[in-house]
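Chemist: In order, the protein sequences belong to chains R and F.
Those letters in the first sequence? Residues 0 to 1019, by numbering that gives the first Met the number 0.
Those letters in the second sequence? Residues 0 to 484, by numbering that gives the first Met the number 0.
These are computed hints drawn from the structure, not numbers from a lab.
Model, not experiment: these values are computed from the prediction.
Don't take every hint at face value.
As the list claims (entries may be wrong) - Here are the in silico distance ranges between beta carbons for each label pair:
no., chain 1, residue 1, chain 2, residue 2, range
1, F, L468, R, E587, 55 to 65 Å
2, F, L468, R, D826, 54 to 64 Å
3, F, D454, R, K448, 53 to 63 Å
4, R, A928, F, L482, 31 to 41 Å
5, R, T920, F, L468, 31 to 41 Å
Note that beta-carbon positions come from the ideal geometry of N, C-alpha and C, so glycine has one too.
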Amino acid sequence: MITKHLSFLFVLITSFAFCQDVTVKGTVTDEAFLPIPGVNVLVKNTSQGASTDFDGNFEIKNVPVNSVLVFTYLGYKDLEVTVKDGSTLSIVLIEDTESLDEVVVIGYGTQRKKETTGAVSVVSSETIEKLQPTRVEQALQGQVAGVNVSANSGSPGAASTISIRGVSTNGDSRPLILVDGNVIEDLSTINPSDIESVNVLKDATAGIYGVRAANGVILITTKSGRKEMPLTVEYSAYAGFQETTRKIPVLNATEYALLVNEAFVAGGQDPQFSDVTGLGVGTDWQDEVFESAPIFNNSIALKGGKEKSTYAFASSFLSQDGIVGGKKSNFTRFTQRGNYSVDILDNFKFNAQVFYTHTNKRNLSESALGSVLFNALNMDPTKGVRDSNGAFSIAEGLGNEVINPIAQLAGTYDRTKVDKVSGNAGLSYNFLDYFTVQTNIQANYSEVKGKVFRPVANFGSGKVFNIDRSEVVETFNVFRDYTFDAFLKYERVFNDVHDLKVLLGTSIFQTTGIFTGDRGFNIRDNSVENANIDQASNVESINQEIGFDPRFDSRLLSYFTRVQYNYKGKYLFSAVIRRDGSTKFGPENRFGYFPTGSLGWIMSDEDFFNDDGFMNFFKIRASYGILGNDRIADFGFVSLLDGEGTYVFDDAIISGAALGPVANPEIRWEKQRTFDIGVDLKFLDNKFDVTADYFKKTTEDLLVVPQVSGILGVGAPGAGPPVVNGGEVENKGFEFAIGYTNQITDDFRLSVRYNVTTISNEVLSVNTEGGFIPGGSFGVGQDPPSRMEAGFPIGYFRGFKTDGVFQTQAEIDALNANAAAISGDDDAQYQTNAQPGDLRFTDVNNDGVIDEDDKTYLGDPIPDATMGLNLSIDYKNFDFSAYVFASIGNEIVRNYERNQPLTNRSVAFLDRWTGPGTSNTNPRVTTGATQNALFSDFFVEDGSFVRLQNVQIGYSFDEFLENSKLSKLRVYISASNLFTLTKYRGYDPTASTGDPIGGGIDQGFYPSPRTYLLGLNLKF
Amino acid sequence: MKYIKIKYIATLTLIMVFSCGDDFIDVEPQAASSDTFFNTEEDYQSALVAAYDPLHSTYLNVIMGEIASDNTLCGGESATDVPGWQEIDDMIHTPTNSNLRDLWSWMYGGINRTNFIMEFQNNIEFPNKNSVLAQTRFLRAYYSFELVKWFGDIPYVVDRRFVLGEEFSINRTPKAEVYAQMEEDLIFAADNLTYTAPESGRVTKGAAQALLGKVYLYQDKFAESASVLQDVITNGPYDLVEDYTTMFENDNENNIESVFEVQYSDQEGASFDCLQCSEGNVAVGFNGIRNYTGPVFESGFSFNVPVEEVVSAFEDGDERKDVAILDIDAWAADTGATFAVGYEHTGYYNRKYISRQGDLNTGDANLTNPNNYRAIRFADVLLMAAEALNRGGLGDMQALQYLNRVRNRANLLDVNVSGTNLTNAIYKERRVELVGEGHRFFDLVRTGRASQEIDGFQSGKHEVFPIPLIELQLAGNNWDQNLGY
């Protein structure tokens, strides 16, 4: 400290002594010699400096000769120039294409990517522009190693499930998502083109977010203006259409009728169709259901800045129809955003931002028994959409769930409107040279209005969807949350080599909400025009009946500190400790401490390293820490009267106070120990960059809801088992990303990026009775097909293995004889009621009979590896990009077949067993009782796929721009989801609900559409 | 100056923030905490409503009890439709019967809700307290009686809730002790309630006495049974409904014959996800006619279908036959109604409790039928009293009079028998009077006639059902399985 002061004094004295000060003037431009306003020009080791004006000019008086000027500007390489005399300088800043000099957001601050010690990935606005996603999540898939995104549906506005480095919990595995520090649960409200960057914290360095960090953290920064930036206006628009990528081949009317007859005869019943001639191909229900659907988007953004302030404003409108149901699954989004920042004083800064979003989403029945696509696949093709009287045809005899899908669509009126206002404001104050105090407040307010009208409908006798009394349900839910952060930073470089940054902060978070709603009946004229609560009768509140608390209030109180230190910019160290208190846990376990630490070494900065050789940059880094997860229901630690206690006195329903779920005062947060080691490399003149990581995450104290003894009263309405900490899951894997970027000629730039992630997931223990947690559903009334169980991946599929099809009775007799011999029971059967043509299950435990104990691992929905390949070519005025995503080694359960005597089937049944030797894959058809519909590997398919996710070709005009105010005019065409290579026979191999246990089961998944767009970008 | 001010504000803000104490995260739940709940009469009344609620889930006891008997077959869509019920019908019990497990845990849900009130019975005094406790204790006895009928000895605590983990150490209480507790509860209830309740659906003195008489009868305590049942007959406000055909219609609920009736409603929706949460009578939809289209009735799932043998048990001219049994083929021929043939189709439906038109059909309409379950009818009281008198050797004349009162209402002539013949006549009358109401299996068991009447019934084993294997495991295999399982 003293030496520093002394040396400063020395410099001061010497400069006075020589007294050779000059005035330095100059212009700063980019490589195209266009002026750059707002460049920081600083005399090194002083606070003397200036920034360039609108024309890129600067002037600094009294600059000592031989002092060094440092030019810095975001996105450009820093430049140092020694002052020789007072001549005018022409400075050319070179654009920084090296990603390692990017700034990354690491939570409560930013850091140069070069100096980070954690596994942080960045997706830039450039990538988002190239993909034109309608939702932010779509821009993450395959772009970032270790991040897996699966759309829960292809319907417009549908949510996606994001998992970072595997599924680490049986509960809520969603990462924490912060938009400008603001907690956002629903990304559909964000316009992707408002985003400047997406940063993903994948390892222990996410520990700065403590109890919420175990599933990873995604930090989204929105676009803002720059100081001294002239007003720029960007307008972009695209329009196009979407279509289904696939139709599942099912039987046509004639084939169907023949198979139905065969099945009835095999079941000892009369054939249903006496004459199949003239049935032809019948109705293709998928053709009836799918349509080509329009999509268009418009957005305009203004930004700019003055000497001490910046501003930005953006507005956008998106409307997208669905490929199923068209307008009945429309999603419309309107967003408005404004931000402003100002330096009130040089050391006192203020920024504020406001978002407003309105979305309107129309919903239809999806991914369920009896959903629109499920019905389209199972509906009788001999029936027309309408009968001879013009009424919708009725699906008589096809089971209680299968109905005419067009009639179903016609009777669907379901929409959700969201109005959301988000805002944040922050102050930062710099004092005593090295200290900065900063406070931010972020708040969200949203109103979610739902409305469902169910008109009187008869889809056939006994159908579960029949409505005898028209009904309207209106819900109104309000959610509020705010985050208040305050922190103090101390940032100082000692002796030019010891770079120390200390952060000390606190954060409070509160989220509250209330659910209200009414249900009313007997809508006049059965008409949607009259469908509102005011005109309904027998109106009742819907929250009363389910006996649940319509309000919630969860809070978090945190203190954290982070120390970052580096020596000469090459030995890097960072440590974080956070203390979190969460309302989710009881008084004794309310607070947790989350320590993490990380180290890095930039080997390429060592003297012995020749960075002019093959290798230009080499960093090795490692991190370890403990992160938490508190995403469980509130108040599991205390026994509350939040059960359902409803009875009827004097013919009126009355609700009382009933005990809710059994309390467990001992519950504490899930704890994740996470380790990461990685390298960042650049080589061959920085043309190649590589990032590779190995990680291992062990989640302990998983919050599970085990089955408990019925005597505890858990079977009463609204009661239930307690939440307990019992289970352990491990995820480990590799991430590897390589990029190649080269400006080959002036006209030709090529960039190729590839990344691959492997994940091995294993459940280490589950401390519930039986040692497993079941989930998911298959068929009707069958055991849950998915399990979380020690020794297997989380949510693996469990059922019977098949060993072909029984060809002859002799084959069955031999097995029965063996079963009798082993068990000593003469009536023992190998497989209940098996007949030739039935699937032959494998006797896994070799006890001679097929029973519960023969159920075994049949696959799991977790891919062994996922990879993304991005190709980008700029040639003259053309730009081209293509993006391929692949997922390997995930299984999918085919569960869109109802298997009733009269439901339609896949064309695979044309190759069914009809006699010895005919088929060893597809069983016979019969209406008799068989076990062929039991969950077995017959229904489990390989879900691996390679998909051309997006292709885009653009052309930027420059000929006639010179005389106009336009600085950019680009048109492009793009196609997304162009083709998919897969063996999976369903609509979409990405089919999943995203549930940790029960995901990967396809019930007629709404496929992701293929989209063709024509777009325009303007800038002036 | 400005500089100082800003600095001051910034520091102040920081201090303010850091002083945000740990109590920020002390959030009081909106719902009351169970340990501090009982402070006013309203709290007790409110908890009592919740203690009545599990009565709704006894639909399962009724339908499964009937299926277990020789009155009906399981039916349904196919041999694998509700496998637990099919097993019970066939008297083939596997250790994993989820329906038996439901019954076990739903009835314990009821016991816990009543014990919750009893645990805090001494918190405050208020004028209606004895009435609240009397209703509570009746309900506890009702749920306990169900568990004892189905499972025999049961883990049992009184006046407190089970504690998490206690299942690993508590033993099964012999059923005699549980019966003793039921008797005590029901005597208290009878002493502290009146014959007419302020609201229909509430427990009355008559209900408590009738259940007490039934509990005695199940223990062959004929004198005690006869005495308390005769008290109901003599002093209670009950009589037989003159026109038996109106008995089970929804516009004749809580009638003069109803001693205790489980109250259902069609006003709230329900789903298969939580059958015990339905405020409707779930059994009615399950009993209903498969894919029915036609007058009067509505579609259902064709379970619990009466067999020819019980249909022929009715004497000629018995008015009750066409009320209890729907001959679907004859009905379809008369009315043009259509229906589908389900599994184990017998041609008959349990007409007392099948879906009828005219209710609100709140979704899922099969689960929200409003038909009240007439749990204890005066006819049942008369027949139980007759049986107690006869089998206890306490007066066949009076017994015969009660029996003939039931017969006359059905338009049948008096019988005039005594001794064992009278016993058999009473048994026979019970069967036809109460068919479809879930009593038959337990009547056969308690009178030792089950193995003669029910195919596959093994004496010494099938009197009670197996405790579901998972429940044994969840209690750390702390309890012995019932004999023979």
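Chemist: Would you mind marking each hint as holding or not holding in the structure?
Modeler: Hints and how they fare:
At about 36 Å, the beta-carbon gap between L468/F and E587/R misses the expected band of 55 to 65 Å. Here the CB-CB span from L468/F to D826/R is close to 23 Å, at odds with the stated 54 to 64 Å. Between D454/F and K448/R the beta carbons are some 59 Å apart, a value that agrees with the proposed interval 53 to 63 Å. Hint check: A928/R to L482/F, Cβ distance near 33 Å, so the stated range 31 to 41 Å holds.
For T920/R and L468/F, the hinted distance range of 31 to 41 Å is satisfied, since their beta carbons lie about 36 Å from each other.
Consistency note: the structure conflicts with the earlier hints numbered 1, 2.
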